[in-house]
Every structure is written in C-alpha cells, then in structure tokens.
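Enquirer: In case you want the letters, here they are:
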Amino acid sequence: MSDWEVVIGLEIHAQLATKSKIFSAAATAYGAAPNTQACLVDLAYPGVLPVLNAEAVRMAVKFGLSIGATVAPRSIFARKNYFYPDLPKGYQISQFEEPVVKRGSLAIVLDDGSVKRVGITRAHLEEDAGKSLHEGLANASGIDLNRAGTPLLEIVSEPDMRSAKEAVAYMKKVHTLVRYLEICDGNMQEGSFRCDANVSVRPRGREKFGTRAEIKNLNSFRFVEKAIQYEVARQIELLESGGTVVQETRLYDSDKHETRSMRSKEEANDYRYFPDPDLLPLEIDADFIEAVRATLPELPDEKAGRFAAQFGLSPYDAGVLSTSRELGAYFEALVGAAGAPQAKLAANWVMGELSSALNRDNLEITASRVSPLALAGLLARVVDSTISGKIAKDVFEQMWSGGSAADVIIAAKGLEQITDSGAIESVIDAVMAANPKQLADFRAGKDKLFDFFVGQVMKSTQGKANPAQLNELLKRKLGGSS
Amino acid sequence: MLHNLSIGALADLLATKKISSVELTRHFLARIEAFNPKLNALVTQTAELALQAAAAADSRRAAGEDSLLLGIPLIHKDIFCTDGVRTSCGSRMLDNFIAPYDATVVERLKAAGTVMLGKANMDEFAMGSSNETSYYGPVKNPWDTSKVPGGSSGGSAAATAARLTPVATGTDTGGSIRQPAALTGITGIKPTYGRVSRYGMIAFASSLDQAGVFARSAEDAAIVLQAMAGFDPKDSTSVDAPVPDYGAALDLPLAGLKIGLLKEFFEGLEGRNTALIEEALRVYRALGAKTVDVSLPHLPLSVPTYYVVAPAECSSNLSRFDGVRYGYRCEQPKDLMDLYQRSRGEGFGAEVKRRIMTGTYVLSAGYFDAYYLKAQKVRQLITDEFRSAFAKVDLLLGPTTPTPAFAIGAKIDDPVTMYLNDIYTIGANLAGLPGLSMPCGFIDGLPMGLQLIGPHFSEDRILGAAHRFQQQTDWHNCAPRGYDS
Numbered sequence: 001m002s003d004w005e006v007v008i009g010l011e012i013h014a015q016l017a018t019k020s021k022i023f024s025a026a027a028t029a030y031g032a033a034p035n036t037q038a039c040l041v042d043l044a045y046p047g048v049l050p051v052l053n054a055e056a057v058r059m060a061v062k063f064g065l066s067i068g069a070t071v072a073p074r075s076i077f078a079r080k081n082y083f084y085p086d087l088p089k090g091y092q093i094s095q096f097e098e099p100v101v102k103r104g105s106l107a108i109v110l111d112d113g114s115v116k117r118v119g120i121t122r123a124h125l126e127e128d129a130g131k132s133l134h135e136g137l138a139n140a141s142g143i144d145l146n147r148a149g150t151p152l153l154e155i156v157s158e159p160d161m162r163s164a165k166e167a168v169a170y171m172k173k174v175h176t177l178v179r180y181l182e183i184c185d186g187n188m189q190e191g192s193f194r195c196d197a198n199v200s201v202r203p204r205g206r207e208k209f210g211t212r213a214e215i216k217n218l219n220s221f222r223f224v225e226k227a228i229q230y231e232v233a234r235q236i237e238l239l240e241s242g243g244t245v246v247q248e249t250r251l252y253d254s255d256k257h258e259t260r261s262m263r264s265k266e267e268a269n270d271y272r273y274f275p276d277p278d279l280l281p282l283e284i285d286a287d288f289i290e291a292v293r294a295t296l297p298e299l300p301d302e303k304a305g306r307f308a309a310q311f312g313l314s315p316y317d318a319g320v321l322s323t324s325r326e327l328g329a330y331f332e333a334l335v336g337a338a339g340a341p342q343a344k345l346a347a348n349w350v351m352g353e354l355s356s357a358l359n360r361d362n363l364e365i366t367a368s369r370v371s372p373l374a375l376a377g378l379l380a381r382v383v384d385s386t387i388s389g390k391i392a393k394d395v396f397e398q399m400w401s402g403g404s405a406a407d408v409i410i411a412a413k414g415l416e417q418i419t420d421s422g423a424i425e426s427v428i429d430a431v432m433a434a435n436p437k438q439l440a441d442f443r444a445g446k447d448k449l450f451d452f453f454v455g456q457v458m459k460s461t462q463g464k465a466n467p468a469q470l471n472e473l474l475k476r477k478l479g480g481s482s
Numbered sequence: 483m484l485h486n487l488s489i490g491a492l493a494d495l496l497a498t499k500k501i502s503s504v505e506l507t508r509h510f511l512a513r514i515e516a517f518n519p520k521l522n523a524l525v526t527q528t529a530e531l532a533l534q535a536a537a538a539a540d541s542r543r544a545a546g547e548d549s550l551l552l553g554i555p556l557i558h559k560d561i562f563c564t565d566g567v568r569t570s571c572g573s574r575m576l577d578n579f580i581a582p583y584d585a586t587v588v589e590r591l592k593a594a595g596t597v598m599l600g601k602a603n604m605d606e607f608a609m610g611s612s613n614e615t616s617y618y619g620p621v622k623n624p625w626d627t628s629k630v631p632g633g634s635s636g637g638s639a640a641a642t643a644a645r646l647t648p649v650a651t652g653t654d655t656g657g658s659i660r661q662p663a664a665l666t667g668i669t670g671i672k673p674t675y676g677r678v679s680r681y682g683m684i685a686f687a688s689s690l691d692q693a694g695v696f697a698r699s700a701e702d703a704a705i706v707l708q709a710m711a712g713f714d715p716k717d718s719t720s721v722d723a724p725v726p727d728y729g730a731a732l733d734l735p736l737a738g739l740k741i742g743l744l745k746e747f748f749e750g751l752e753g754r755n756t757a758l759i760e761e762a763l764r765v766y767r768a769l770g771a772k773t774v775d776v777s778l779p780h781l782p783l784s785v786p787t788y789y790v791v792a793p794a795e796c797s798s799n800l801s802r803f804d805g806v807r808y809g810y811r812c813e814q815p816k817d818l819m820d821l822y823q824r825s826r827g828e829g830f831g832a833e834v835k836r837r838i839m840t841g842t843y844v845l846s847a848g849y850f851d852a853y854y855l856k857a858q859k860v861r862q863l864i865t866d867e868f869r870s871a872f873a874k875v876d877l878l879l880g881p882t883t884p885t886p887a888f889a890i891g892a893k894i895d896d897p898v899t900m901y902l903n904d905i906y907t908i909g910a911n912l913a914g915l916p917g918l919s920m921p922c923g924f925i926d927g928l929p930m931g932l933q934l935i936g937p938h939f940s941e942d943r944i945l946g947a948a949h950r951f952q953q954q955t956d957w958h959n960c961a962p963r964g965y966d967s
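These protein sequence lines are chains R and L, in that order. To convert, note that position 352 of the first sequence is 352 in this note's numbering; the numbers rise steadily by one, no gaps. To convert, note that position 256 of the second sequence is 738 in this note's numbering; the numbers rise steadily by one, no gaps.
For reference, chain L alone in the conformation it holds in the complex (with noise of 0.2 Å):
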C-alpha cells in the first residue's frame, strides 16, 4: 500500500510516472477523511491547497525535474505560519489567525516540492505532553485511542504513525518531537540548536526551540531535514555552518562506534524499559560499536531547570497575544486594562496560564536571582557536562520516556507528574543538542523510544546510527492495527 511506502519508494513511482503526486495526494486525503475524526490529528485540512501543489508538483517532474521530495505530501505542525492559511497554534487566541507569510521551514519544504495535506493538532502554544491541552481537543494515539500520542507534537505524530502523512514537521522544546515519536512508535529527530530556523516557528521558549521531523524511518528524516536545515539569515540564531549530506552519511559503518550508557537515565528505570535498551545494545555490540558507561551528575536537574527557563521565555514571547493587533479580542472591551485581561484570560488555556505565571514570577525582581539566573547556571553546568561525556563518547543511548503512552485524562490534573515525562529528554534541550526518538519494542502492546544524543550538529552520525539499528531491526516497519493496510 502507497501509505506504508518510504519516501524513496514514493519518489520512484513518481519518477517513473507508477503515479502522479495527485493520486498520492487524493490517497492520503482520503485516509485524513476517514481517519482523523477518531485521531484528531489534523486541525486544519488543505485538500484544495495541496491538489493545487501536487499538481504544480506534477509539472515540475513533467519538466524534468526530479528530486526526492517533489511532490511527497506532508502535515505541518500547526505552530509553523503558512501563508493564507489559519496558524492557531493549538489556541483560541490564534483560531482567527490566517498567517500571512510562510516559516523558513514551509518555505523550504515548499520549495523542495512537498505538499501540504494540513496542519497538526498540537498542545496549546506547544506546551504539553500529551496533547490535552489544544483548543481543538486532544489527539488520540492510534495504537489506542484512550491513550495520548504525546505531546507537545501530538497532532504530526499520531498522523504519521497512522500512515495519513509520510512525514510530518514537528517541533521540541523538551522532548516535543521525541516523546511523541516514542509514544507513537515511530521515528522523530530533533536537530541541534540552530541547525533549522526557527523563522515563522510560533515562538514558546526561544532558547529552547528547535523545528524537526516525523517519519516512519531514519532514512526518510534525512531526507526531509535535509531540505529544511541550514542558516537562515532571518534568525540570528540559526547557524551559518555547512549542512552535510544526511543520506549519504547513512550507510557509514559503526565499527568503533562508542555508545554512551548515562547512569543517570537507568536508574530507577522500569525492568521491562531497561530490557528493551538491552535488546538495543546488543544489536549495536553486533554492529561493532561499543559501550561505554558515563555520568552527567547534574542530569537529574533537567526538569526543574527546564520549568523556570522555559516559562521565562514564554512569558514574554506571549505578550505579544494582547487582543490589539491580530488574533482573539473579546468582546466589548470596557479599557485597555479589560481588553488585556479578558482577550487573554479567554485566549489562552490553563496549562499556558500556569507557565506565564510561572515565568513572570521566576523573572521578577527579588525573585529573578533564585530562579531564573540559577537555572541558567544549571543549565550551563548540564551543557559542560555533556560536553565533557562527549569527549570520551561518540553518541549517548537511552530511553526516551519512562513509561509507554499514558490513558487520556491521567495526568493533566497533575502538572508535576505531567512534566516528569520529560525527564530524558530535557537534557538535550537545555544542552542545545540534537537527539533522535526511534521505536524499540513494546510494552502492554504499546509502543517504546529508544533515544540517541549526540554532540551540535552530529545529525549525520545520529541518523546513520539510527538507520544501521533499523536496518537490523523491523520495530519502526510496525503500524498500529487498521492503519498499515
């Protein structure tokens, strides 16, 4: 079936003219229609937009233009602005908000010829875990739909873990790409800060944020990180340094490779976790790499850390949502003060409410000291840390959740046990490193991650490791019951 397909696969009935990017286009629309009203995966659907695209797509190849990309449909995460369509970011604040210009990442998959079936559902300005906290209701994960896919990119996930997309954009500020792909089975990477523009990417911790990818492989991230990484002169942030050539850097042998075992990801981890990791290794020891045992003694602190950074930040990058120039306004201001409060108060839900709480208490004066600049010296204390582990090692290995997908409603009454979640996955946030989610096994009949770090802009490494596993393995060719046929 054309939905279980790699990209490679894909572009080589394209090529050949097997099929035009309409047809592919008109399949997983079709599956988007008879699907996504039990996923919920999508909030926003293109089919008119993107026939357009697939056609204009057509064209191109019917030109003689020929590349991987042109013509492969995908979903965008709802954070990304795409221009002319509504850009809500999982809020009633943005639920108005038609974009009027592309992100970096949209304009450069467009570009490459991709083409938008819609947008993903996602947690409310991306903050969330578990998807419970978008406007437009929760995501269900479709290995089973009491449970969450994960969140904050719950929406691009369970969409490409359902086959209704190739491949989906994604973005992780604390594990946003990686839990998700975990809990949905499937593969997502996350790049090294900078790596990709954050250039029309709605903003939620600016330090943290970083645009990636969902696919059912290594080999179709590669392809489509490809295409959207590389610096953007429109975010100072993005990095002016070569891209490599991600798929060539596939079939790179692993002999030597060293494998970092953190201490602190395995203890205390679930038998039946740990097993899975076990299997992993031992694939890797097969493969000829070698493990290495390493520590990052300030690990633990990645939590609290990361929830006085990232809700400074949003703090402030939600200001801008004020009810004057664009999005939710309510009704029959009485003042500035009533237009403030009330289009805020009803635009934003309460998770969003918690951390711009949060963040402007850490920011404020007589408070800043305690919280925020000793987070940012943890911060700095983790990043020296995992520096000094990568000296010794090529890549670090673990897992990527602790648990599999949790029930619908079990943690959001809880914040705290809602953001442990994130345990594994914050380090590489915080450290601005790239890390890479692939699918490992099962637990309960549900889906487990197996999570790679490597040091900045080790892409070509993590992907090529990742590739080599799947090679060996069959956990990322699984698809949840009623979705692979």
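Extracted from the complex, chain R is given alone in its bound form (with noise of 0.2 Å):
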C-alpha cells in the first residue's frame, strides 16, 4: 500500500445579498412562489437586454479587497452557451477569461494548531439558473424561474488542500468571511452557499497532480467531508487495484453517502464562451475600489488577533469567538461590562453555557435569551465568590428559561456561597463526628476519602461551600491538627 497525497480544489457558489437580480430588477428573495420573481429579461423575451447590477459589483470587489486580491479594472462578461430548460436564454452570463477578481488568499488553522494559506485563483460575477422540478406533475417538467439571474460570486480555489477536513475548514472560513462581509446570508439550506469539489489523489512525492473528479453541488460542511472522503477512498482503491480514475462530473448522494459519475470529459459541453456584445467591459477605477474599502468592516483573522492581544485569549479561543460577527460583538460587549481582567472567563462562558443553550434551543446569538449584561451580572458573582462556578451554571440555566437577573435568582434561592470560616469549619467538625470510621481510616492512609469528606461538607451545605476554603480548612481538620 503506498502513500497517497490527497490534492483538493473547491469553487465555492455564493449567492450574493442584493435585492434585484444581476442582471435585472426582479427581486430575489427566496421562497416565493414559482415564477413570480421572473421578469421579460429573466425569461429571455425576445428582444430584452441585460443591465448589469453595480450593487453586485461592489459586493465582489468587497470580497477581493477582504482576501488580499486583485481587483480587475476591466473584466469580461462572457456568454456559456448550452441548452437546458431551466436556462431561459440558452446561455449563462459569466465571467470567464478576465475574472473581476485575480490571486488572493486565506488562512486557515490545521488540527495541530499550524496556519496555512489557501490561494484563491479567483472569484467572478456570474448568473444563477432556474430550477426544474419534476415532484407532483404528472409525465412532465415544470420550471420555476425565480433564481435565474440571481447574483453569483464563484470562488475558485488553488488546489492547497490536502485533506477533507482542510477542505471544510477552508469552505467555513470563506462561510465566516461573506458573511461578515455582508455580502451573503450563507444559508446552505437554500442553496446560498454551496461548493464543488475537484478531488485528486497522488502518491507522496509526486509533483504531477492526479487526474481529478469533480463533485458538484455540495450543501453543507458534512456533505463536503463526507464526500470527499467517498472520493478519495474509492479513487485510492482504483488505484491501488490498477485501475486508473476518468475525468469526470460526479454527484454525492447524501442518502448512499457515495459519489456516482454524472458525465465524463468527454460527455461534456462545448460551452463555446465568447464575449456577451450586449454588455460593455467591467471597468472599475480605484476611486470605486477605495470607497469600497472604506466599507470593509474588521475582518475574522484581525479580529481574532485583536482579541487575542487585547484580551490574551488564545489562537483558539480567539478564533472561535471571531467566527461570526454577532458573536464577536456579544463576546466584546460582555467583557465591556464584565470587565477586561475577566476576559477569559467571558470566553469560557461564550463557547461553553451560552453555545449550548443556544445549540439547544437552535437560536442565533441575536436572539439569546441572556443579554451580555445579564451574563456580565452573573459572572460578577463568580469574581467575587458570592457563588462558586457550579452553581452559576444553575443560575444561568434559570436566567436562560426565566429571563431574572443574577442576584434575583441567587437572593430568592439562597445560594450565597458560604465563605465564613467558621461556618464551614462547623459543618466539617459535624461531617468529621458522624463519619469516625472513614475518618479514622483516612488518618490511616487512604488519602482518596479526601474527596467523600469534600462531597459530605457540600451536600451538607448544598453546594454553597467556598471550595477552596473548605479545601483548605478540610486539610487542616483531618490532618488533625485544629
């Protein structure tokens, strides 16, 4: 069995946030009924003429300038030539040779903490399809043509990735980007973010690429992984068997978790491109390019730089809570309350109590039912002892299903922390007299009953021990020596 070296390229299909179409004033919301969003030039009336939408435009050039690229000052508008029903004109408008955007990059974070940079050959304008939908209509086809026209940023990647997991955590990281960009609502459900994926194996050492396939049409993060995973087994086991892998179209069925060809290269359409006369060049001055940069907001990987040097969170930590804008700014807006020094516990309680209520009840951080304040509230009880950690998990469950605030809950269910010495030295002395057989056996030795005397005092006090003074006071009692 030799070494094989998985060699990966995705060209990402994101559906871009403008309210009309690229090409046309129709409007793009999803889910209307079919065909109610199709105007003359979206159904290809005879004699219509594409306008080109410069909303789409910018939101492109936004993208080029947030990876680093190039911002082409003239690109090309081409024609894809093929017939299908779904394509009303019998062409799809799409840049081909000259692309508006050219060579930028992204960086993502490998399992062993490592960065690496993904190149991005490219990103272009291009038009959505329609749809054809074959369910309920008996021995016939319909077409809806709401999505024909809708804007679409392809992002076409540099084979860099090496495996499938390097694949999702690029495809997550340009997920994160368009729509901190505002460019995309990265909905994948709806087809808004979608990939496909040319996968090729090569034995280690190689420097000749392996004859690739290309899976389309991926919807979600799982699908991309899984898929990839598919390809790269069954193209291994074909060669290992001496078999060699065709060029070829391939669909993932996500049911069979199997990929199955579609068509071959040489099944393929001659799309015969050439430049669509009925729109001029794309030009764009560098007037257009800085007032689009002025627009940009604070991108995840200078976010998570920040985060990390101002608040000293890890590369981890920092990341995480960069990963969308909403999350940064609860994040931001908790240590504003909560104070700096307590930044790492803000980060601890973001992706661990927080996440998972919102997990939970599949809410977006904009809709948490716990304000930054409230939770700024509570973890100032934490810093001050008044609850120990534990029971401010128990709090917070009660903010998040009752809406009250920290120190409502913990006034109304007495759930101070006991923090006099005394106090807790009392209880032990009580734990101590009605345990004498544990306690004479810990005096002999048996140092894991340390643990049973830490419980009894807790259960003792429901929880609300200082844990580290009784720690303390605990050790100095059954050492004997009080």
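Just so you know, these hints were derived from the structure itself, not from any lab. Be careful, since some hints might not be right.
[Claimed, not checked] Listed below are the simulated BS3-like cross-link pairs for lysine-lysine, each with C-alpha atoms no more than 27 Å apart in a straight line:
| id | chain 1 | residue 1 | chain 2 | residue 2 |
| --- | --- | --- | --- | --- |
| 1 | R | Lys131 | R | Lys265 |
| 2 | R | Lys80 | L | Lys629 |
| 3 | L | Lys500 | L | Lys629 |
| 4 | R | Lys172 | R | Lys256 |
| 5 | L | Lys716 | L | Lys592 |
| 6 | L | Lys835 | R | Lys80 |
| 7 | L | Lys499 | L | Lys592 |
| 8 | R | Lys19 | L | Lys716 |
| 9 | R | Lys116 | R | Lys226 |
| 10 | R | Lys102 | R | Lys173 |
| 11 | R | Lys390 | R | Lys256 |
| 12 | R | Lys80 | R | Lys226 |
| 13 | R | Lys216 | R | Lys173 |
| 14 | R | Lys448 | R | Lys477 |
| 15 | R | Lys208 | R | Lys226 |
| 16 | L | Lys499 | R | Lys80 |
| 17 | R | Lys131 | L | Lys816 |
| 18 | L | Lys859 | R | Lys80 |
[Unchecked claim] A few chain R positions that, by computed beta-carbon distances, are all more than 10 Å from chain L:
| id | residue |
| --- | --- |
| 19 | Pro88 |
| 20 | Gly90 |
| 21 | Ser141 |
| 22 | Lys464 |
Every value quoted in this text rests on a predicted model; they were computed, and no experiment measured them. Glycine included, every Cβ here is placed at the ideal spot set by N, Cα and C.
Need the complex rebuilt from these two chains, each delivered in its own frame; the hints are there to steer you.
Expert: Written out as structure tokens, the structure is:
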C-alpha cells in the first residue's frame, strides 16, 4: 500500500445578497411562488437586454479586497452556451477569461494549530439558473425561473488542500468571511452557499497531479467532508487495484454517502464561450475600489488577532469568538460589562454554557435569552465569590428559562456561597463526627477519602461552601491539627 | 397628394387643421389596403389601433400640443416589439408571438405621437439581403415587382417607396437599411452603434445591430431619428451622449467639406454605377466640397469577417427560441431533446439555420481562434483604418450596392453571391459607424443608391450633406410608376 497524497480545490458559489437580480430588476427573495419573481429579462423574452447590477459588483470587489486579491480594472462578461429548460436564454452570463477578482488567499488553522494559506485563483460574477421541478407533475416537468439571474460569486481556490478536513476548514473560512462582509446570507439549506470539489490523489512526493473528479453541488460542510472522504477512498482503491481515475463530473448522494458518475470529460459540453456583446467590459477605477475599501468591516482574522492581543485569549478561543460578527460583538459587549480582566472567564462562558444553550434551542446569538449585560451580572458573582462556578451554571439555566437577573435568583434561592470560615468549620466538624470510620481510615493513609469529606460538606451546604476555603480547612482538620 | 408630402408639410396641414390625423391615417390605410396585396410589404396591419392612436393625436393637438411627429403615420419593422401586437421577426418561430412590451424605439415614437399603421415584412430574424427568407413570403419591389426590394428591412423600404407610409423604422446589421433604401429609391440612415437603443429590438448580431429610419428625404429621416435617438438605461451598449439638433444641422454649408473616396469602393465598380457617383460628386463639388482619395486596405475582408462575427452572435442570440416559454412549439414532443430539435427545426427557415450552424461552428473548441478571434482582429483593423481615414476626411462617399435590384429567386440558392451584395455596407457595421443611402440615379430603370459614411456620432453631418444634395437634385422625389398619384 503506497502513501497517497490528497489534492483538493474548491469552487464555492456564494449567492450575493443583492435585492434585485444581477441583470434585471426582479427581486431575489427566496421562497416565492414559482415564476413570480421572473421578469421579461429573466424569462429571456425576445428583444430584452441585460443591465449589470452595480451592487453585485460592489460586493465582488468587497470580497476581493478582503482576501488581498487584485481587483481587475477591466473584466469581461462572457456567454456560456448550452441548452437546458432552466436556462432561458440558452446561455449563462458569466465571467470566463477575465474575472473581476484575481489571486488572493485565506488562512486556515489546521488541527495541529499551525496556519496554512489557501490560494484563491479567482472570483467571478455570474448569474444563477432557474430550477426544474419534477415532483407532483404527472409526466411533465415544471420550471421555476425565480432563481434565474440571481447573482453569484464563484470563488475558485487553488488545489491547495490536502484533506477533507482542510477543505471544510477553508469552506468554513469563506463562509465566515462572506457573512462578515454581508455579501451573502450563507444559508446552505436554501442553496445560498454551496460548492463543487475537485478531488485527486497522487503518490506522496510526486509533483504531477493525479486525474481529478469534480463533485458537484455540495451544500453542507458535512457533505463536503463525507463526499471527499468517499471520493478519496474510491480513487485510492481504484489506483491500487490497477485501475485509472477518469476525469469526470460526479454527484454526491447524501443518503447513500457515495459519489456517482454524472458525465465524463468526453461527454462534457462545448460551451462556446465568447464575450457577451450586450454588456460592456466591466471597468472599475481606483476611486471605486477605495470607496469600497472604506466600507470593509474588521475581518475575521483581524478580529481574532485583536482578541488574542487585547484580551490575552488563546488563538483557538480568539478564532472561535470571531467566527461571526454577531458572536464577536456579544463577546465584546460581555467583556465591556464584566471588565477586561475577566475576558478569559467571559470567553469560556460564551463558548461553553451560552453556546450549548443556543444550540439546544436552535437560536442565533442575536436571539440569546441572556443578554451580555445579564451574563456579566452573573460572572460578577462568580468573581466576587458570592457563588461558585458550579452554582453559576444552575443560575445561568434559570436566567435562560426565566429571564431574571442573576442577583435576583441568587437572593431568592439563597445560593450565596458560604465564605465564613467558622461556618464551614462547624459543618466539617459535624461531618467528621458523623463518620468516624472514614476519618480513621483516612488518617491511616487512605488519601482518596479526602474527596468523600468534600462531598459530604458540600451536600450539607447544598454546594454553597466556598471550594477553596473548604479544601484548605478540610486539609487542616482531617490532618488533626485543629 | 398627401402621400407625396414631407413630414413637415403634413405637420403643417395637421397644425392648421386642414386635415386630421384620423383622415391622414385613413388615407394611408387605404393605400395599404390597395397595394399591400401586390407588394407584401406588411405582415400585420393595425388599422384599428392606428385610428385610435390618430384620434388620440388629434386630441393632443386640440389641447394645444404641436410637434412635427404628432399624428404622423409610420410602419415599424416587425423586429421591434410592440405591446399587444404580434411581433414575428419574419419567422414561423414567432408567428404566434404577441409582444408584452414596447421596444424603446416604439415607445419613444409613440410618445412623440406617431401612429403605427402596421408591421413590416422582413427577412427572417433580419438574415437576408432580399427579403426572400421571410416566413411570410418575399416583398416585391414597387419599381418592378419581379425584383427584390433588398433586405433585411425590405418591407419597410418597399412600403416607404410605394408611399404606403411617410416613414418606416428599420434595422441595419450588415446593410439592412441602406441596401433596401438604395434598391427602392429612398433615403435610409443607419446611425452610430449605440445612438439608438436596441432594447426591444429582437437581436440578430448584438454588436452590429442598429435601428434606423427609412424616409423619402434626409429631412424627414432627421425628424424621425431625432425622436428615436438617445441613451437608454435599458441598453448597456447605448451611448450616454447628447443628441444634436438634426434639423438645425441640415442647412449647414458644405464649403470646405472633405469627401473621401475609398479606393476599395471603386475598384471593379460597374461603369454605369461609377458614372452616377461621378455625377453626384459634381453636385458636391459645386456646393464647395473637396474630394480626397483614401484607402482602407482591409475593407475587402469585411464580408468574410461579418459572416463569422454575425453568425457567431446569432447562434447564441437565437438559443432562447427553444419552444419552452413562447413562440413555436412542435406537436407532441417525445422528450426534451425532441422538443428542442423539432421546435427549432420546424420553426426556423433555411437561412437562419445556416447561420446558426456557421456561428456554432466558428465558436466551437478548436475553431474559435482561427475564426472568431481572427475575425475580431480583422474587425479591429478595419475600425482602425476607418479612424485613420476620418483623420483626413469628413465623410466617405461611395456606392451603396454593386447593382440595382435583382430578380426574385436569382440569388436565393447561392448564399455567397447574395452575401456579396452587402460588400459596401458591412464595413460601417463592423466599425459601428453611421451610414446613409440616398437615391442618385437609375440603372435599367431601377433606382441606385449613393452611400455616405461618417465618423461616430456624425449623423448631423451626414444628414446635412444628404439634405444639401437633395436640395440640388430630384432623384429622391422620383416615385415608382403607379404609386405617386
């Protein structure tokens, strides 16, 4: 068995969040009744002409600037010619030889914590096609052209990824970025963000790429990972049994978790690309680029870097807290209220209790039932030792379900921590008196019984004894030095 | 007679209430009734709509409005979408197509108060030079009904020449206004590419198509062009530049005008054709113009270049006619492929299919560089050569066509010979230049055209030069026998 190296490149299609279509004034909103958002231009009526949506251009430039790419001063829209019922003009308008964005890159963090740069060859503007509908129509197919003409940014990476995990990390990074830039809603169920994966394998050490297969239309991170894993295994098995990989387009079946051949290179269409004579070359000047640059938000990597530097967070924590603008904003509001010295505690709470509560209730961070200010109120009671971290989790659950402030819950339920040494000592004395056997065993050398005494004291105090104080006092008392 | 009058004269009659637009419209509708069966110039007559529009124009005049085109009848080439009216483009493919909107040209002329009498016959999808490729049969030349009127705007030309309308719209992709204007003895102008919106004009070759006007004089053409021209946000290739006052430019003196004579236009030109041009040049010299010899060495490559570029674009433009959403659909398709193949196979005529296949071929992998890219390079060379020429001269003057109108059926089976009919007109399309043809005499009793080509956006200069010529000559007032009285 040889040592195989996996080579992956992704073509991501991000639907741009413009109000109207890329070449017409029709709305782009998702979910309308079929063909209610298709105007004469989208329906390709005789005589109609495309007019480029400036907002789509602005969004493409925004993306280009955020990946350190070159924004082409002049790019060309071409026609990709093929017949299909959901393609009303018989051609798709797309950028072919001259894309609007060229040569950028994004950094991803690998499992071992190292950082890898993934090259982005190009990003180009194009229009989406409509949809064919086959269900519920006896012996016929329906066509819904609502999606026809929706603006897409196709983001093409270099073949820089070496595992399915890396591919997913890259895709997530792009997903984070386009939402930061507010150029794509990132909704994968609705198809707003999807990708094609080019996958090949080669014996490790060889420079020449193996023959690749392209897996089309993957619309979840999990499918990307599964489909690539399946495809890699398939190609290796094929090569090791003496076969050859053929260049082809494959489809991923998410029910069976396998990829299937769709069409081979020989069956591929000749798209007869040529510049669209209905559209002038897209010319973008330096002023336009600078104006767009001025609108760029703090980017995910910048935010993560700042979180790490400003709050002393680990790169991992800083990265997690900057995966979305909203999460970052929540975290910053929390630290603002709790105080910078509590940043690490705040990070743990956001990534821990808060995230699991959000996940459990399937809520976005913006819909959190506990506001940053309320959470800061809870953390303050942990910091001043009014309650322990463990009790704080219970209080958080009550805040989440009931909406009251931490202090209200703590007071109502009498959850204040016992920090009076005398009070703790008397409980310890009572516990020792009630458990003479365990005390004797401990003193005879059974160190493990220490935890038993901690448990007994906590039980008696309903968990309210200050853990650090308890430890200290218990050590002294059990040792016999009272 | 009303049908021999200029727009200016008709507008006077309307303004002074000597005639109403309804009466004027009835007059032309009656002529259409009488002569169209013989000429086949119109494929759709819209008498009822016309009378409504005329009545509306009369009310506008009654309300005090006054403009040259208010209440003036016209005919639109059936390539322009007209809201609620069949727009066939001369094809079986669109025989059942009722356009749901107005082309920008139609909309602007409607707003100016013109009255549409009907839609003009044309070569199918504007592909032809004789109007013989129309699904609705050939148009007859009013000068001799055994002859073609030229194409592709043959119906518009024949109707204007026969005085079935004062003016008509047309489109010119490779001479489709100028050549039929020449062969029917009228004036036709193709403006600069981008001067008139292409929105709603069914595309043949998008980088070459341009809408223009047929009229019986440069003066009338100027009035109509004025209303059509100008930027349209719906057409990205229309140019956002001010439109000059064409009427005011008509009377500018020609003294010192430098007219370029293209060597390539006169080499091998038939003697009688040369003589007509010489005669016209005498008129221009008398008006103070000077002539300068110029040469465009790559101009002879216009026809092959055009027959790569235009089919390439048309093969893509006509893909939308697939039988799915509108237009012709074959009976009982077995499956999707059958639907495509039979709908297109039955819906398109032979010339359209020939060009779709040629265009598909020149864009195919392995041929693209040798044909499409090379043609684009030659196109650029020709454009550059025109630009150099216009550094030396104000206008170029030459023949519009090599010969007068030919017999129906004479060339239809020989596409290459047919294509060569456009040898003098195609260059202006490739370079996007404005061009005009006007009558300059007769050969064998058939009218011949003189062509003026100018630099980009020099429509005013071209119309002025044509108007000055028409003030000195009477060719443009000659009517085919039987149509002037």
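Enquirer: Keeping to a limit of 27 Å between CA atoms, is the pair of R:Lys390 and R:Lys256 held or broken?
Expert: violated, 44 Å
Enquirer: Are the Cα positions of R:Lys131 and L:Lys816 separated by 27 Å at most?
Expert: Cα-Cα ~21 Å, so holds.
Enquirer: Just double-check R:Gly90 for me: nearest Cβ-Cβ distance to chain L has to come out over 10 Å.
Expert: Nearest chain L Cβ is 2 Å from R:Gly90, so the label is violated.
Enquirer: Checking one constraint from the list: CA of L:Lys499 to CA of R:Lys80, max 27 Å. Satisfied?
Expert: This hinted pair is violated, its Cα atoms lying about 57 Å apart.
Enquirer: Taking C-beta pairs only, is R:Lys464 more than 10 Å away from all of chain L?
Expert: Correct as stated: the minimum Cβ-Cβ distance to chain L is 73 Å, above 10 Å.
Enquirer: Minimum C-beta separation from R:Pro88 to chain L exceeding 10 Å: can you confirm that?
Expert: violated, 6 Å
Enquirer: Holds or violated: are the alpha carbons of R:Lys80 and R:Lys226 at most 27 Å from each other?
Expert: Roughly 31 Å separates the two Cα atoms, so the pair is violated.
Enquirer: Is the Cα-Cα distance between R:Lys448 and R:Lys477 27 Å or less?
Expert: holds, 16 Å
Enquirer: Is R:Lys172 within 27 Å of R:Lys256, Cα to Cα?
Expert: Holds, at about 24 Å.
Enquirer: Would the pair R:Lys116 and R:Lys226 pass a check requiring their Cα atoms to be no farther apart than 27 Å?
Expert: Cα-Cα ~22 Å, so holds.
Enquirer: Please verify whether R:Lys208 and R:Lys226 have alpha carbons no more than 27 Å apart.
Expert: holds, 25 Å
Enquirer: Regarding the pair L:Lys716 and L:Lys592, is the alpha-carbon distance no greater than 27 Å?
Expert: holds, 18 Å
Of the hints listed earlier, those the structure fails to meet are numbers 2, 3, 11, 12, 16, 19, 20 and 21, in rising order.
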